[in-house]
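Hey, can you work out the whole structure from these sequences and the hints?
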Amino acid sequence: MRPLRNLPLPGDRYLAVALIAFAVGLPFLFETGSPFIDDAVLALAFVVMALGLNIIVGFAGLLDLGYVAFFAIGAYTMGWLGSNFFSGANGGEGFAALVGPPASELPGVHVNFLIVVLVAVAFTTIAGIAIGLPTLRLRGDYIAIVTLAFGEIIGRIAINGDQIRIGGVWDATVAKLPLIPELGDAGLTRGKQGITPVDKIDLPFLDPLTSLDLRSWYFVALALALIVLFVNIRLRDSRLGRAWVALREDEVAAASAGIPIVRTKLLAYGTGAAFGGVAGAFLGSYLNTVNADQFQFSFSIFVLAMVIIGGLGSIWGVVLGAVALSFVNTYLIPDVLNALPHDVGLDFDLTQLSYAIFGFLLVIVMVLRPEGLVPERRRRLEMHGVGAGDRAGAGTDVEIHEGSAP
Amino acid sequence: MIATEGVSKRFGGLVAVDGVDFALAEGAIASVIGPNGAGKTTLFNMLTGLYRPSAGRITFGAHDISRARPDRIMAMGIARTFQNIRLFPTMSALENVMIGQHSRMRAGLFGSILRPPWVGAEERRVREHARETLSYVGLSERLADRTAASLSYGDQRRVEIARALASDPSVLLLDEPTAGMNPRESEALSAFVHKLRDERRLTVLLIEHDMKVVMGISERITVLDHGVKIAEGAPEQVRRDPQVIEAYLGLGGGEGQG
Amino acid sequence: MLPAGLEAPLARLRALAPTGSRASALTLIALLLAMPVAFGVHDLSTTGSLTRLGNNLVDGLSNGAIWALVALGYTMVYGIIELINFAHGDVFMIGSLVAFALWGTLGLGLATVAPLLIAGLLVTLVVAAAASGSLNVMIERAGYRPLRDAPRLAPLITAVGFSFILQNVGLLWIGGSQQTVPDLIGSQDVLLALGGVEITNGDTLAILATAPLVLVLTVFIARTRLGKAMRATAQDPDAARLMGINVDTTISLTFLVGGLLAGAAGLIYALYQTTVWFFQGFTAGLIGFTAAVMGGIGNLQGAVLGGLVIGCIQQIADNRIGTEWTPAIVFGYLVLIMVVRPRGLLGEETRQAG
Numbered sequence: 000m001r002p003l004r005n006l007p008l009p010g011d012r013y014l015a016v017a018l019i020a021f022a023v024g025l026p027f028l029f030e031t032g033s034p035f036i037d038d039a040v041l042a043l044a045f046v047v048m049a050l051g052l053n054i055i056v057g058f059a060g061l062l063d064l065g066y067v068a069f070f071a072i073g074a075y076t077m078g079w080l081g082s083n084f085f086s087g088a089n090g091g092e093g094f095a096a097l098v099g100p101p102a103s104e105l106p107g108v109h110v111n112f113l114i115v116v117l118v119a120v121a122f123t124t125i126a127g128i129a130i131g132l133p134t135l136r137l138r139g140d141y142i143a144i145v146t147l148a149f150g151e152i153i154g155r156i157a158i159n160g161d162q163i164r165i166g167g168v169w170d171a172t173v174a175k176l177p178l179i180p181e182l183g184d185a186g187l188t189r190g191k192q193g194i195t196p197v198d199k200i201d202l203p204f205l206d207p208l209t210s211l212d213l214r215s216w217y218f219v220a221l222a223l224a225l226i227v228l229f230v231n232i233r234l235r236d237s238r239l240g241r242a243w244v245a246l247r248e249d250e251v252a253a254a255s256a257g258i259p260i261v262r263t264k265l266l267a268y269g270t271g272a273a274f275g276g277v278a279g280a281f282l283g284s285y286l287n288t289v290n291a292d293q294f295q296f297s298f299s300i301f302v303l304a305m306v307i308i309g310g311l312g313s314i315w316g317v318v319l320g321a322v323a324l325s326f327v328n329t330y331l332i333p334d335v336l337n338a339l340p341h342d343v344g345l346d347f348d349l350t351q352l353s354y355a356i357f358g359f360l361l362v363i364v365m366v367l368r369p370e371g372l373v374p375e376r377r378r379r380l381e382m383h384g385v386g387a388g389d390r391a392g393a394g395t396d397v398e399i400h401e402g403s404a405p
Numbered sequence: 000m001i002a003t004e005g006v007s008k009r010f011g012g013l014v015a016v017d018g019v020d021f022a023l024a025e026g027a028i029a030s031v032i033g034p035n036g037a038g039k040t041t042l043f044n045m046l047t048g049l050y051r052p053s054a055g056r057i058t059f060g061a062h063d064i065s066r067a068r069p070d071r072i073m074a075m076g077i078a079r080t081f082q083n084i085r086l087f088p089t090m091s092a093l094e095n096v097m098i099g100q101h102s103r104m105r106a107g108l109f110g111s112i113l114r115p116p117w118v119g120a121e122e123r124r125v126r127e128h129a130r131e132t133l134s135y136v137g138l139s140e141r142l143a144d145r146t147a148a149s150l151s152y153g154d155q156r157r158v159e160i161a162r163a164l165a166s167d168p169s170v171l172l173l174d175e176p177t178a179g180m181n182p183r184e185s186e187a188l189s190a191f192v193h194k195l196r197d198e199r200r201l202t203v204l205l206i207e208h209d210m211k212v213v214m215g216i217s218e219r220i221t222v223l224d225h226g227v228k229i230a231e232g233a234p235e236q237v238r239r240d241p242q243v244i245e246a247y248l249g250l251g252g253g254e255g256q257g
Numbered sequence: 000m001l002p003a004g005l006e007a008p009l010a011r012l013r014a015l016a017p018t019g020s021r022a023s024a025l026t027l028i029a030l031l032l033a034m035p036v037a038f039g040v041h042d043l044s045t046t047g048s049l050t051r052l053g054n055n056l057v058d059g060l061s062n063g064a065i066w067a068l069v070a071l072g073y074t075m076v077y078g079i080i081e082l083i084n085f086a087h088g089d090v091f092m093i094g095s096l097v098a099f100a101l102w103g104t105l106g107l108g109l110a111t112v113a114p115l116l117i118a119g120l121l122v123t124l125v126v127a128a129a130a131s132g133s134l135n136v137m138i139e140r141a142g143y144r145p146l147r148d149a150p151r152l153a154p155l156i157t158a159v160g161f162s163f164i165l166q167n168v169g170l171l172w173i174g175g176s177q178q179t180v181p182d183l184i185g186s187q188d189v190l191l192a193l194g195g196v197e198i199t200n201g202d203t204l205a206i207l208a209t210a211p212l213v214l215v216l217t218v219f220i221a222r223t224r225l226g227k228a229m230r231a232t233a234q235d236p237d238a239a240r241l242m243g244i245n246v247d248t249t250i251s252l253t254f255l256v257g258g259l260l261a262g263a264a265g266l267i268y269a270l271y272q273t274t275v276w277f278f279q280g281f282t283a284g285l286i287g288f289t290a291a292v293m294g295g296i297g298n299l300q301g302a303v304l305g306g307l308v309i310g311c312i313q314q315i316a317d318n319r320i321g322t323e324w325t326p327a328i329v330f331g332y333l334v335l336i337m338v339v340r341p342r343g344l345l346g347e348e349t350r351q352a353g
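Residue numbers (numbering that gives the first Met the number 0), protein chains in the order written: chain S, 0 to 405; chain P, 0 to 257; chain Z, 0 to 353.
Hints listed in this document are in silico derivations from the structure and should not be mistaken for laboratory results. A few of these clues could be false.
To give a feel for the contact side, a few chain S residues facing chain P, derived at Cβ under 8 Å [said to hold, decoys possible]:
1. VAL230
2. ARG233
3. SER237
4. ARG238
5. ALA242
6. VAL244
7. ALA245
8. ASP249
9. ALA256
10. ILE258
11. ILE260
12. LEU266
13. THR270
Simulated restraints on C-beta separations [said to hold, decoys possible]:
14. SER149(P) <-> ALA323(S): 25 to 33 Å
15. PRO203(S) <-> THR274(Z): 52 to 60 Å
16. SER133(Z) <-> TYR13(S): 29 to 37 Å
17. PRO333(S) <-> PHE278(Z): 18 to 26 Å
18. VAL173(S) <-> SER133(Z): 55 to 63 Å
Beta carbons are placed, not taken as given, at the ideal position from N, Cα and C, and that holds for glycine.
Put into structure tokens, the structure is as follows:
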């Protein structure tokens, strides 16, 4: 059997550099407003999210079916801190922090994108931990259901958020602190109508991005994706990464080997959630809207599918899965294959079959190649019967029982 | 070092362990024996924090560990192996042993991401120490990077012991370490246990079914039957105890294999 | 007899012994009663009458009866192979659509005379149940059986995949918006009124149609050879196999029975709600699963109890807080159950370690 290595082969390094060079050069092959770059930007945002979910599901083995919650929180952070949603802020004058015109002169709260990202990370990390806490003692499929439930709850709050008037409470409490503006009368979200327009990303020393120059958006997205990729790779080959794998494979043995189970699980949830927040904040600005229709269960499954089809736990696999599925969704089905049913004599567009195609993909992959396109070496073994975690149809012989307080 | 006072464990209507007083002296090699269902592994699980006792107290030195978490107990210096070997199957032998040192490492989330020099040094040190521990338990060098699941049964046992040793514990709990071994291997293990105690100043507690090993290695034997302690003492004493003989009647006395 | 050591027999014994703490059961019951009691008190203090609450509960129980049927399918499947059949709700939805389509084919409409209507509905019941039942079995064969030895994640994902496929089928069949269906039984017509509390045709149908089905199921599971095989396989598939029970067939049978119930529920739902929607399965599925967990997964009585309780909570939420918030409230309860007492009110009945 080929010995496993912990350091990447020199060949891997060259491949990685080549891929990054390709990614940097790619947008120049297209017009700056081209739909291809639009698709590519979305794909990169999904890469960020898929890598985040990969930490939770792939590394730590915690089945999260509610990842959309973190996307939502990240997006709403952008919506709150980068639009005229809080039009009553500062008595109608608007509140701006480190942004230039035009945003700084408009009503509403307008905060620099980089700060928004930090706030989004903070919010989603807290949310991740909050969502993870109830799942700590549950077995795999129950974790799935609870996280799904949270995703739905957040989605519902998004839809009905207009009814939740937070302005008054905010003004009476948090706004009393120095530097914090008052919000006036304000709801939590604007439901399906959505928060729009959203400030364009405005980086230091550069002009704000525009909706015409997609290349700049691409590079911001690429930068985010590369940072997230770096973080993932570092985590995988670290003490924490090993702890996550141990946790996934045998929780009892992991605890007995000195791994603090609760902390390790919550770290997975928090870290994975943070990436969702980053992508959410970015997309809030890029898509110029934050509305409740964006936050549905199918989104969670879409990201999960990227992780699974790409290769659960495998970083490059997940990147590939994210890019592939994103392009299938935004390009292959609507643009290339859309007319296919008509060619066969059927009376509808392929886009109307998106759900079924997607579902079919999931079934096929799980039945034929559950380890995904680029399997993590461990997972290949796991999926075909060697050891590990929750087996369909088996129980565990010793469970951490009544005694290990979280 | 470790002591239990009146420790019991109930599962619903079943009493698995009933009012057991037990003490493990520092530097001793001791065994817990008893027929199947006697409560031995339940006792172990309580000592290592996997079960919380329904009644009674467990102390480790001056600390009360009755309700401590398993990872805390491990960090305090009590390590264990499992009856059905519980390695992390798709990790390499080396990685398994590195996990054993988790509680002795300090790299956290940001340390892992940013990898300042001290984290890199810690990783190298831990990896080296893992290699040394693997060779200490007699695992061939070339197997260190093999997936744990691909190793032979005997080698897996070695790796599991190495994982337990990796954190430099003061107490080692071995749950049926000779299960599945032939007499020669059992002898080698017995010698190894002595080596552990002599070279590393470990206190060792075993659950065992192989009477030759038990009698040969233990300085003190505790006998459980149906959750109750029925005898305790030096090997010769216990071997002649009528209650012990009766408890084992039907299993063929001398060399029962679990 | 057992080479594996103590954990396995102890865990089995643990499963037989009465489960856990009374405190968690009482907490859960208190949480479940919180809404009805709170609104009841509110009603009494404002209007002095419990009629509104009574109506809420009647509607809740009728809805709940339908959810009970769906929950039974979930709980039986989980009890036997420890899998959440994510597609179950959508199987229920297909049952509704099949029923609706069949009404058209049979020419059942508002003008149909009673005897023909009843005959037609009985035929529909059989066809819808059969359709859902066979669909469930096909899903099991195609998606779950090949993955028996895979980690739990695998069949769960396949289940989601099938759910999506079925939803797309529904979407193509009746379109994206809710579709009104003929009100064949005059669902909202008041049949009788007890002191202000109105019991409609729909309510009556839901209860009267569900009760016999649950009864038949209970007898089937308890008395027949196949039912016993299901119970044995649920407790210990290896032992069942040794006894000569064909475990694969028994599992398929479980899916069939679950599907039959879902199909029946689909028909009842269409008659009761007078609308069908391609997305109704998603919500029904989550509600049904919540009900199953609330009652104790694997536990048939629990599923029925859970269904009725959830139905009431849902109805109270709809009527008092607003339908847009109801899903959040129901899922909130799901989370609460998982936190407070994951084994549910009546305790789980699945296989234990072995």
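Checklist entry - Going by Cβ atoms only, is ILE260(S) closer than 8 Å to chain P? => result The hint holds - ILE260(S) has a Cβ within 8 Å of chain P, the shortest such distance being about 7 Å.
Checklist entry - Against chain P, is THR270(S) within 8 Å by beta-carbon distance? => result Nearest chain P Cβ about 7 Å off; hint holds.
Item to check | Supplied distance hint 55 to 63 Å, evaluated on CB atoms of VAL173(S) and SER133(Z) | outcome: holds, 58 Å
Item to check | PRO203(S) paired with THR274(Z), Cβ distance criterion 52 to 60 Å | outcome: 54 Å Cβ-Cβ, so the 52 to 60 Å window holds.
Item to check | Interface restraint verdict for LEU266(S) against chain P (beta-carbon cut-off 8 Å) | outcome: Since the shortest Cβ distance to chain P is 6 Å, the answer is holds.
Checklist entry - Regarding the hint that ILE258(S) lies at the interface with chain P, is the smallest CB-CB distance below 8 Å? => result holds, 5 Å
Next on the checklist: Would the hint on ALA245(S) be counted as holding, given a Cβ-Cβ threshold of 8 Å to chain P?
Outcome noted: Interface hint status for ALA245(S): holds (5 Å vs cutoff 8 Å).
Checklist entry - Does the CB of ASP249(S) sit less than 8 Å away from some CB of chain P? => result Holds. Min distance 5 Å.
Item to check | Closest C-beta approach of ALA256(S) to chain P relative to 8 Å, hint status | outcome: holds, 5 Å
Checklist entry - So does SER133(Z) sit 29 to 37 Å from TYR13(S), Cβ to Cβ? => result At roughly 54 Å between Cβ atoms, TYR13(S) and SER133(Z) fall outside 29 to 37 Å, so the hint is violated.
Next on the checklist: Holds or violated: the hint that VAL244(S) contacts chain P, with Cβ atoms closer than 8 Å.
Outcome noted: Holds: closest Cβ of chain P sits about 6 Å from VAL244(S), inside 8 Å.
Checklist entry - Using the C-beta atoms of SER149(P) and ALA323(S), is the stated range 25 to 33 Å upheld? => result holds, 32 Å
Checked against the numbered hints above, the structure breaks only hint 16 and satisfies the rest.
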